[in-house]
Each structure stands twice: as C-alpha cells, then as structure tokens.
Amino acid sequence: MAISKISEWFYLYSKDIYHFLLYYVGSGDIEDLVQEVFIRAIKGFDTYQENSSPKTWLFSIARHVGIDELRRRKRSRIKNAIGIGDYEPTEDRTPEKVLQLNENHKELYQVIQSLKANYRDVIILRAIKEMSVSETAVTLNWNENKVRITYHRALKALKKERDGISDERE
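105 is the number that my numbering gives to position 105 of the sequence shown; each next residue is one higher, with no gaps.
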C-alpha cells in the first residue's frame, strides 16, 4: 500500500520537489536529494496523518532533506578549512603525498591539543566526529547554546593557531 501510494505521489510531485530543492540548496546532485525525500516518505509512511495533503507532507520532508544537505556541506567546508577534509583518493597517493598528509595530520593534532579543553572537546565532537549540536550537548553535559558558541570560538582559535604555525614556516 505505502509503496504504491508513494509511487503515485512521486509521479505527481517529484518535479515540484526537484525545483524546490534546487532553489533551496543550489547546485549539486538534486536527483539524489529527491530520491532521499521519497525514501524517507516510504520509511515514514506510517506516521503520515492525513491532516495535510501529501504534497505539503512531502515538501516538509524535502525541507528537512535540504537542511541536512546544507549542514553536510557546511561540515565539509569546515573540515577543509581546518585541514581535515578529504585529500586525495588512496590510489593517487605517492609516498611523498602520504608523508605530507601525515605531517598535516600531525600538525592538526598538535594544534588541537594546544587549544583549551572546552575548545578541544567541541572541535573533536562536532568537526571530526560530526556529532550534531544536540548530541554534543548531551555528551558534554552542556546546553545547545553553549555548544554553538564554544564551537564558533573554537573554530576561530583553531584557525588562528594554524595560521600562526603557517607563518612560522615561511
């Protein structure tokens, strides 16, 4: 029942959802996001209450998929900014590149260790382990606002430390 209903909704609303996500997240693989919307709809079909139209329910799911995608992109940008992003595919690594990668990781580890404990904890949980604000708050026994503020300050401190090390090399 659920799959046939979702299939019907897919043919009715997938183009609208595609355009919504395109405007919401910008470029990217929008088809994958549309697919994710309908996968979530199938998984959550039992929770669908017919208080709203299927279209508004699907758009609500699409909005959450868009938010998740923007968060994922932001985490990726932060990881790249602090030097823990994806480097190169394993098969393209020469011994020199592996050595440089190890040096970068060592440097990042040293910079993280030089931060005060609160900053270090929140950087590790949020940026490296990719925990959400609420998961981090529970783990550290903080409120969510403290996690956000401390994370913001920690990123600034981390960047300042890394920039200081880069200046020393030159």
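Hints in this document: simulated from the structure, not taken from any laboratory. Backbone N, C-alpha and C fix where the C-beta goes; we use that ideal spot for every residue, glycine too. Warning: the hint list may mix true and false statements.
Ranges of calculated distance between the beta carbons of each label pair, as one might list FRET restraints [what the hints assert, rightly or not]: (1) Tyr-48 with Asp-68: 18 to 26 Å; (2) Arg-75 with Tyr-109: 15 to 23 Å; (3) Arg-63 with Thr-139: 40 to 48 Å; (4) Lys-43 with Lys-106: 20 to 28 Å; (5) Ser-53 with Tyr-18: 46 to 54 Å; (6) Gln-110 with Ser-7: 51 to 59 Å; (7) Thr-56 with Gln-110: 24 to 32 Å; (8) Asn-80 with Tyr-18: 38 to 46 Å; (9) Glu-107 with Ser-53: 24 to 32 Å.
Hints and how they fare:
For the pair Tyr-48 and Asp-68, the supplied restraint of 18 to 26 Å holds, since their beta-carbon distance comes to about 19 Å. Separated by about 19 Å at the C-beta atoms, Arg-75 and Tyr-109 satisfy the suggested range of 15 to 23 Å. The given range of 40 to 48 Å is broken by Arg-63 and Thr-139, whose C-beta atoms sit roughly 27 Å from each other. Take Lys-43 and Lys-106: their Cβ atoms lie about 42 Å apart, and the range 20 to 28 Å is violated.
Between Ser-53 and Tyr-18 the beta carbon distance is about 18 Å. The supplied range of 46 to 54 Å is therefore violated. The hinted range of 51 to 59 Å is satisfied by Gln-110 and Ser-7, whose Cβ atoms lie roughly 54 Å apart. Between Thr-56 and Gln-110 the C-beta distance comes to about 51 Å, which lies outside the given range of 24 to 32 Å. Here the CB-CB span from Asn-80 to Tyr-18 is close to 28 Å, at odds with the stated 38 to 46 Å.
In this structure, Glu-107 and Ser-53 break the distance hint of 24 to 32 Å, their C-beta atoms being roughly 54 Å apart.
Consistency note: the structure conflicts with the earlier hints numbered 3, 4, 5, 7, 8 and 9.
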